[in-house]
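Participant: Just so you know, the protein sequences line up as chains A and B, in that order.
Counting in the numbering used here, the first sequence runs without a single skipped number right up to 260 at its last residue.
Counting in the numbering used here, the second sequence runs without a single skipped number right up to 322 at its last residue.
Don't take each hint at face value.
Below, a sample of chain B positions facing chain A; criterion: calculated Cβ distance under 7 angstroms [what the hints assert, rightly or not]:
hint	residue
1	A143
2	S145
3	A146
4	A178
5	G180
6	A183
7	E187
8	F282
9	G301
10	T318
Bear in mind the hints are in silico, worked out from the structure with no lab data behind them.
Beta carbons: idealized from backbone N, C-alpha and C, even for Gly.
For reference, the chains in residue letters:
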Amino acid sequence: MKIMVCLKQVPHQDARLDINGDGTWIQEDNIKFEINSYDTYALEEALLIKDAGEAEVLVVSIGPDRVTQALRTALGMGADRAIHVNDPEIQGSDSLGMAKVLAAVAKEENPDLILAGLMSEDANYAAVPPMLAELVGIPHTTAAVKVERSNGTLTCDREIEGGANEVVTLEAPCLVAVQSGLNQVRYASLKGIMAAKKKPLDVKTAADLGVADQVGAGAAKVSVTQIAPPPKGDTAELVEGSPDEIAAKLVTKIKELGLL
Amino acid sequence: MSTILIVTEIQNGALREASYELAAIAQKLDGASVKSVVIGQGVDALAAEFASKGGGEVFVADDPALAHYSVEAHGTAIRAAVEASGADLVLLSNTPSGWDVAPRIAAALDAAFVSDCFDITLDGGKPVCRRRVFNGKLNATLATSADKVVATVQPGATAAFEGSTDGSVSKLDVAIDAGGLKARFVEIKQSAATGVDLTKAEVIVSGGRGVGDPEKFSEVIKPLADALGGAMGASRPVVDAGWLPHEYQVGSSGQTVQPKLYIACGISGAIQHLVGMKSSNFIIAVNKDPDAPIFEIADLGVVGDLFEVIPALTKAITAAKG
Ligand SMILES: Cc1cc2nc3c(=O)[nH]c(=O)nc-3n(C[C@H](O)[C@H](O)[C@H](O)COP(=O)(O)OP(=O)(O)OC[C@H]3O[C@@H](n4cnc5c(N)ncnc54)[C@H](O)[C@@H]3O)c2cc1C
Ligand SMILES: Nc1ncnc2c1ncn2[C@@H]1O[C@H](COP(=O)(O)O)[C@@H](O)[C@H]1O
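With the rest of the complex left out, here is chain A (with noise of 0.2 angstroms):
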């Protein structure tokens, strides 16, 4: 069996947020990147059903130069193949741009099992997944935090609020985008990291993909015009000071909320 995982690489989760030149996104030279969390679920989902019997795990990654590193990374957790779609034309794209790129990976490769994150850390869409799925022309579900398989039917657990799960089965081929901690996820041994570095990584373009003019801020149908902190509004008052006299103004107010 084929799984296809789609990762993207996003800044690092303690990066400095300071916003561009033209106010529409966040500067991203001279910062930290890794895989976006969630993905990394997904990848590790799919490593747990290669290490479970026959599967050849291929890691999707559309952006820079720098997303190299990210590929690289999956390669030694135990992916087998990566595919770099690198191409400035992309860049501008809206996430239905970016399942248009990674529906051209798709049918070129024809996985039975498409893997992804719910969502991304730094834009919060969770739009291209579901997207894909309908593009490929596949059966999908988001959220999963339990993904069984049994010939060709996957069986998933999808959170839905109050702590309740919603058990859903899927024909395959399909998609399923997980939410995080359905696993627990593995880190690049060093032997994986050497074993790596001969592993097939094709670059390509959205030429390649026959996408190219479906790609890019001049297909786009959403852009974002403006990124900016959130107003602040009646924010905490401040407790300042040493530690100690930090802690002594807070005994005073819980012992003024009768809690001591």
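Since chain A is already given, all that's left is putting chain B with the ligands on it; use the hints.
Facilitator: The following block gives chain B with the ligands in isolation, referenced to the frame of chain A:
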């Protein structure tokens, strides 16, 4: 924008509050005609109710295959309603079913899609959406340029529509091939009752990813909770990492709590955490990042290192108790 279609949602046999929030957004957009779709089994009465409370011209998609949410069956019904209504703006709530089906509908319609908006306005007739990015640390404004726009709206971001309106109800023909579905609903599994019931605690001291590792929970967070006679809570990454079991999780996919005092330590304040604790009577936040969104809802804030502040506080409380 000429026509808006509200995709309502049913929960426990009633229309969700979030559907009335969509009605409030639709009703305030100038010059738009408002239509809606109510999807389920045996839902005529709900449709009539929605028609009189902001839903406008309401379509009913009634079929046994629609009794539970299923991405294909509901997707078919929504697309039929988009067609019948001629809508150019389709609104759904950003709920587990909304976020599952909405992007799929947008792709099928080759429409613009914006998720989890807290505000939608019109600029030259085109929807302009505002939403959070970077887990609430920044706000983004997004412009749309397409004949059709699909958007999901964050539940609780807008007050629900409370007026009464003249509406109508009509039946929508949807042909669902129940046997041909490739994604099927099986059942809802309620989480088993667990030992820790945070909803009864008077004081909750919660730790987030900023606590750093499981040992620090027992060394720093637990002693403060104990000193206050309260319970310990956590944000999701703490539970995902296996530092604490799921029953400690506060938020949209954990417990909803309302203690007299909630102390958030090393928690940034993503919306999914806030919805689980924002109704607490008094909130104290300790975070080293002065721009952390948690300070927006806290009553008292400490910008600082939790590993300095929390042990000092635990000591002071123990001393105060004598
Ligand atoms: C469908 C869905 C459901 C979700 N459900 C939930 C849920 O139920 N509950 C939940 O919590 N989340 C939930 N999330 C996840 C949510 O989006 C956030 O990712 C999560 O709440 C972030 O947790 P955090 O604040 O602990 O971590 P982060 O956002 O990483 O924040 C860590 C904070 O710690 C601070 N910090 C670091 N070191 C220190 C220090 N030494 N002293 C003081 N401060 C420090 C940092 O400044 C930062 O603000 C859900 C997400 C989705 C998509
Ligand atoms: N540039 C990208 N390259 C590969 N996969 C992506 C990309 N963008 C989004 N995805 C996938 O889609 C998921 C949701 O992303 P989003 O819809 O942008 O929030 C991510 O977790 C990835 O699995």
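Participant: State for each hint whether it applies.
Facilitator: For each hint, the structure was consulted:
Because the beta carbon of B/A143 sits about 5 angstroms from the nearest beta carbon in chain A, less than 7 angstroms, this interface hint is met. A least Cβ separation of about 6 angstroms between B/S145 and chain A falls short of the 7 angstroms threshold, and the interface hint therefore holds. Below 7 angstroms, beta-carbon pairs count as interface contacts, and B/A146 has one with chain A at about 4 angstroms; its hint therefore holds. The interface hint given for B/A178 is violated, since its Cβ lies 14 angstroms from the closest Cβ of chain A, which is over the 7 angstroms cut-off.
With 7 angstroms as the threshold, the beta carbon of B/G180 stays out of range of chain A, its nearest partner Cβ sitting at about 10 angstroms, so the hint is violated. Taking 7 angstroms as the C-beta cut-off, the interface hint given for B/A183 holds, the closest approach to chain A being about 4 angstroms. At its closest, the beta carbon of B/E187 sits 5 angstroms from a beta carbon of chain A; the interface hint therefore holds under the 7 angstroms criterion. Evaluation of the B/F282 hint against chain A yields a held restraint, the C-beta minimum of about 6 angstroms falling below 7 angstroms.
With 7 angstroms as the threshold, the beta carbon of B/G301 comes within range of chain A, its nearest partner Cβ sitting at about 3 angstroms, so the hint holds. Against a cut-off of 7 angstroms between C-beta atoms, the interface hint on B/T318 is violated, since the closest Cβ of chain A lies about 10 angstroms away.
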